[in-house]
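Trainee: In case you want the letters, here they are:
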Amino acid sequence: MSSTTAALQSRRAPARKAKAGGRTSRPAAGKADAASSPLFSYVVSLADDALVLGHRLSEWTGYAPTLEEDIALPNLALDLIGQARFFYAYAGEIEGKGRDEDALAYLRDEHGFSNVLLAEQPNGDFAATMLRQLLYAAFMHPYFQALTASKDARLAEIAAKAVKEMAYHVRHSAEWVIRLGDGTEESRRRAAAALDELWMYTGELFEMGEGERALVGAGVAVDRESIRPAWDATINRVLAEATLERPAPCGMQSGGRAGRHTEYLGRMLAEMQVLHRAHPGVTW
Amino acid sequence: MSETMMPLWEVFIRNRSGLPHKHAGSVHAPDAAMALQAARDVYTRRGESVSVWVVPSSAITASDPADKDELFEPTGTKVYRHPTFYEVPEEVGHM
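In order, the protein sequence lines correspond to chains A and B.
The first sequence begins at 654 in our numbering and counts up one residue at a time.
The second sequence begins at 9 in our numbering and counts up one residue at a time.
No incorrect hints appear here.
For each label pair, taking beta carbons as the anchor points, the in silico distance ranges come out as:
| # | chain 1 | residue 1 | chain 2 | residue 2 | range |
| --- | --- | --- | --- | --- | --- |
| 1 | A | T915 | B | P15 | 32 to 42 Å |
| 2 | B | R54 | A | A893 | 34 to 44 Å |
| 3 | A | C903 | B | P15 | 32 to 42 Å |
Computed list of chain B residues with no C-beta within reach of chain A, every gap over 12 Å:
| # | residue |
| --- | --- |
| 4 | L27 |
| 5 | V96 |
| 6 | E98 |
Hints in this document: simulated from the structure, not taken from any laboratory.
Cβ coordinates follow ideal geometry from the N, Cα and C atoms, glycine included.
One chain only, chain A, in its complex shape (with noise of 0.2 Å):
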């Protein structure tokens, strides 16, 4: 945690304690979310995903390569934000205890989010946010393709949407590895550094908790491990046509599910929430 965040925490005090139903002590602020049902905390943490990498893909606008670049990350940014307006909006209401959008993205802290850590490692160089894009989409395409058949209508309703826009990230983020890695020597040598930082991230992607694997059971929620004959057959596709070697299986990351994140995360949520905190409500 930032010595920025913490002295967010403490500006922001009187304004939480003011909502009705808010939490009302920090420390409870992940174990608040793991006690709610086992529904809310999977939508929060699909929303999490969306949003944490949602908000690292925007910090490059006004920094991309090039100016087509510079509209099309932004643009990646705001599918992905887009998702996680529908996944919290849901979230809260399952909740039921008055917190909006805005209250789950910007009113919890980095121990209450549940994004997988692939979401939040730093943008890099354009071939590690090319990566990152390769590795997160090429799962959640076929994850929302599932989800469409869930038998919770809010979710098989926001997956339809969201399937397209994946389909595109895959696409966008595919072609560009490929030319990433079968193109220049620096290219090449960028390309693979970041497929090789990046690859411990990836079977955190699989995994799922008892809760979610009880809405497995019920037909709510997608059997993550379903999910890597496609992952697979994608990520094999685009790394050979890149000339780019698979890793070798390794020790794999995880925690984020529970809180648990790298440095990176509580950095990017001061940046990401230190407006709403300082003005509570605020609206542009």
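Given the structure of chain A, go ahead and fit chain B onto it with the hints provided.
Mentor: Structure of chain B alone, referenced to chain A:
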């Protein structure tokens, strides 16, 4: 980024069925597939389009601005070429 690695492409979009593709602008991209994606990202963000074309700018042969008098000036006095002497029935739609 050098021009040879990221050449220029002209973008044409069709905004609804029945109307022809119109020139929208240009993008830089390494090849046709990426040019199509860049065109989609840059020129169709507000639901403008149902179809996109990209064409290498180098494939376009353009008239020389210096020739505009001999090419275009002579038509200025030929008003009878405008279809303004009869009414177009509504059923015809776009002309």
